[in-house]
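J.: Okay, here's what each chain looks like letter by letter:
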Amino acid sequence: MADLLNKNSVLRKIVTNVSGVISLVILGIIVLLAIFAPVLYPDGPFEMVGNPFMPPFGEFLFGTDMLGRDIAAGIAYGARISLLVGLVATFIIVLLGTVIGGLAGYYGGWVDTLMMRVTEFFQTIPTFIGAIVIVAILGPTLPNVIGAIAIVSWAPLARLVRAEVKKTVNLEYIEACIALGMSDIRILIVQILPNVLSTVVVAGSLMVATAILFESGLSFLGLGDPNIMTWGFMVGAGRSAIRTAWWMVTIPGLAILFTVLAINLLGDAFNEALNPRSKR
Amino acid sequence: MTDDVLIEARDLTKLHHTPGGVVRAVDGIDLSIRRGETLGLVGESGCGKSTLGRTLIRLHEPDQGSIRYGDRDIAHFSRRELRPLRGELQMVFQDPFASLNPRRSIRQILTEPFSIHGIGNRRERRQIVDELIEKVGLHSDFSERYPHEISGGQRQRIAIARAIALDPSVVVCDEPVSALDVSVQAQIINLMRRLQASSGAAYLFISHDLSVIGYMADRIAVMYLGEIVEDAPKAALWKEPLHPYTQALFSAIAQPDPPSVPRRKRVPVEGDIPSAINPPSGCRFRSRCPFAMPICAERKPELKEPADRPGTHVSCHLVNSA
Amino acid sequence: MTTSSSVLSVRGLRTEFLSSEKTWFPVVNHVDLEVAPGETLAVVGESGCGKSMLAHSVLRLLPKKISRLQGGEVLLGGRDLTTLSDEKMRQVRGNDISMVFQEPMTSLNPLMTVGNQIAESILEHEDISTADATRRSVELMDLVGISEPAVRAHHYPFQLSGGLRQRIVIAIALACKPKVLIADEPTTALDVTIQAQVLRLIDDLKTEIGMGVILITHDLGVVAEWAQRVMIMYAGRKVEEADAETFFQGPAHPYSQALLGSVPRPDAQIDSGDFAPLVEIPGTVPPLNKLGPGCAFADRCAHRTAGCTQAVPDFIEVAPGRGVACINAGDLS
Ligand SMILES: Nc1ncnc2c1ncn2[C@@H]1O[C@H](COP(=O)(O)OP(=O)(O)OP(=O)(O)O)[C@@H](O)[C@H]1O
Ligand SMILES: Nc1ncnc2c1ncn2[C@@H]1O[C@H](COP(=O)(O)OP(=O)(O)O)[C@@H](O)[C@H]1O
Ligand code: SF4
Ligand code: SF4
Ligand SMILES: [Mg+2]
Ligand SMILES: [Mg+2]
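Protein chains in written order, with my numbering: chain L, 4 to 283; chain F, 122 to 443; chain Y, 14 to 346.
Only chain L is shown next, with the shape it has when bound in the complex:
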């Protein structure tokens, strides 16, 4: 707990780590883009602002697409969606995974058996195909996309949390708390959760990247919300013009690549900062 609350120490460790710095810089740019998208491009990403197929680094930084829409505006607005999906889906995943894994690990017995059966069921769903099916059935809206991603991804986290909780729950200090009459909820939150937190933070940060990839994949296949500009949608739309206008595919593709890479690097940096032992 001390580690995590004492932001200085964890932050310092991340900042002194090369990949940590790189990832922070990339993510910083993307976050700024997302925040200031309406200021930079007040007309929105769907507005036709110039001629079609204008190459990048001319009048428009990243050029225009086949309808003359500014690709840079699309990247900026797409960043909002990617981050939103990544964060909200991860939040749901972490919540589900921690609650289910925590209860299963703490109570054991039939609670554990039941919850792990359910978890196993969800784990057997092939993740991406599962997400496609869910969105195809429920309809392509942003909440459905987020929900689909969360549903197919929470199970591994639940197992991870369960394993960590099981490790902690057998320690004598937990028994001492039970002997004092501490309530289960309090034991879970005050005594056990802090021990699980670093695992959840690391797994969760990687989960953000996975969720962004999923969303891009769904949009690419045309299963994204049609009223929203996303990176995956841009790649999908530019696919047919790849010979004439390479930038339509490449630029949003790079945006996805860098974002996912940066988040993964940050996850690793977190891992190192929270478990100094993992390195040496």
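Everything hinted at is true.
When the alpha-carbon atoms are kept at most 25 Å apart in a straight line, the in silico DSS-like pairs for lysine-lysine are as follows:
1. K303(Y) <-> K35(Y)
2. K190(Y) <-> K219(Y)
3. K386(F) <-> K219(Y)
4. K35(Y) <-> K16(L)
5. K77(Y) <-> K101(Y)
6. K360(F) <-> K386(F)
These aren't lab readings, by the way, just hints derived from the structure by calculation.
Got chain L sorted already, so can you dock chains F and Y with the ligands onto it with the hints?
T.: Showing chains F and Y with the ligands alone in chain L's frame:
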């Protein structure tokens, strides 16, 4: 037994389900402890001492038998029913490194008993905790430290402080000095004797070290493979242990006396403790007993009081038929 | 003790470790000891007194880079082990000197049958066939009192109890009939009845093959029962040495006295009915990199006088094998 009995177990049985099979860790044990009394529980590792201690204060639920505490049988109380009793039934664990949460300060750890049971306000709790720390022989400055910042002996003092915080009436001490260096062990033993003398609580003091038990206990129960084989007042047991296993334990005590001083007669025991999953039939000690007879394999000896030794109970065909 | 009768003699041994502040500090400091064949020397002290480091220094099993031997000699069979090459030293270990460690599980390979492990250590030192080594390993298991040795030889360590595992470790240590056996808390992890069995085994074998034994322990009862001579260590130094009889009649160093007084003695107390509190040694062993100029025990000593913090007391040998390092020891006995 008189009304002085604070806690009394009858036919207490606790099974552990392991991948290798069912372990009868505690198998039909009778036991009672009076107000102000310390019952010493001795036996080799794996014989079920910890399981018995934990079951007695209901950290485990027994599979069979009763636990009379006050005028109630708490053997099958639910978590909710147990909660108000928790402060009265306490435990000190063996490993002072595992029994304190490494992420909480000493003050947080010692405040827990009071906040759980809603005793005092913030200011009062601060003061009670300071007093508690001093009661176990530490300076209240220690309160802001974390467990890894203090020594093993000091940690064990904190664990004891937590156990006595709510003035418990039953305290199970599970090998509280086994993990400590001799010199520190002496400090903790002295502290526990002092606290116990002033409290009037019933203590179950578990150890594999007969010398420590002999120093702490009023009465001693000897455990082997889930059963109590002998239960006697300390002085009687020390003068003349009756069960062959007790005799073996006694003769294995290494006394720090000059080599020229005569030692107790050695009762050799061969071999290892058998598996608790598959204990020998009849008397469980027979695979190692130097006096084993045919009847020992056929019939299980009962825990009986020999005519000439009131207060002592032994389960051995040799003793009981004599 | 005269050198001629000793199988192992250690003179002025000093081992240093690197502190986190990058300075070298001694963990074994000017230690002398002698062991005769067929004799057990007990080395006693609290945790962190340097007992294990002494043993590791003798065997030259110190971690590289953070530790170094900084003087002294270790004489075994006319050779000074501190000057041998690493290759030569490897041959000495297991052959002339063996060690038994505290935790039997960690000193055995979990993935190899115990029979193979014993055979392996024989093959390491002797030029015999695998079949002969296997046969010898079964004999050794029989020697250390394992029933059905031919069957048990095929077992893996996890299939054996702690007592049996420790016997295997002893069998490996004895495979080449060493001249010296160093046993570092060989029974601390074992139950009392098993403990007695293992110590009896070491004692019998010692007489049988005439080896010298260094028994490291913190249990004075075990010392009284199994050792002929006693050496008390504190903060890396030898503070008292005596034969067992003299020592238990009345130790001379305040630390030894306190150690002996801190052992619960129900026998005596049940007879007299008088349960006096045990002797407590206040505080703990000081960190060895932060020792002051005087006697390292001064902070915890009930007999401290002004002179104690001036200089480290010399170890005064009043007779061969009998001595004490305390400026007030003369007034204590
Ligand atoms: N790898 C190491 N690095 C630094 N210091 C060490 C190291 N190993 C041991 N020491 C220090 O050397 C001193 C002696 O340690 P040693 O292990 O010999 O004690 P011991 O007497 O065997 O204790 P125990 O009874 O706990 O086994 C201690 O102060 C210890 O902290
Ligand atoms: N939580 C548990 N799950 C399964 N088996 C256990 C558990 N606790 C103890 N046992 C088994 O029960 C027996 C008695 O154990 P324990 O009460 O810890 O003995 P002791 O305290 O005397 O060493 C042993 O065989 C042990 O392996
Ligand atoms: S009943 Fe038989 S086997 Fe058991 S302790 Fe008595 S004599 Fe030994
Ligand atoms: S030299 Fe002084 S401080 Fe050290 S043991 Fe002797 S009396 Fe105590
Ligand atoms: Mg136990
Ligand atoms: Mg050691």
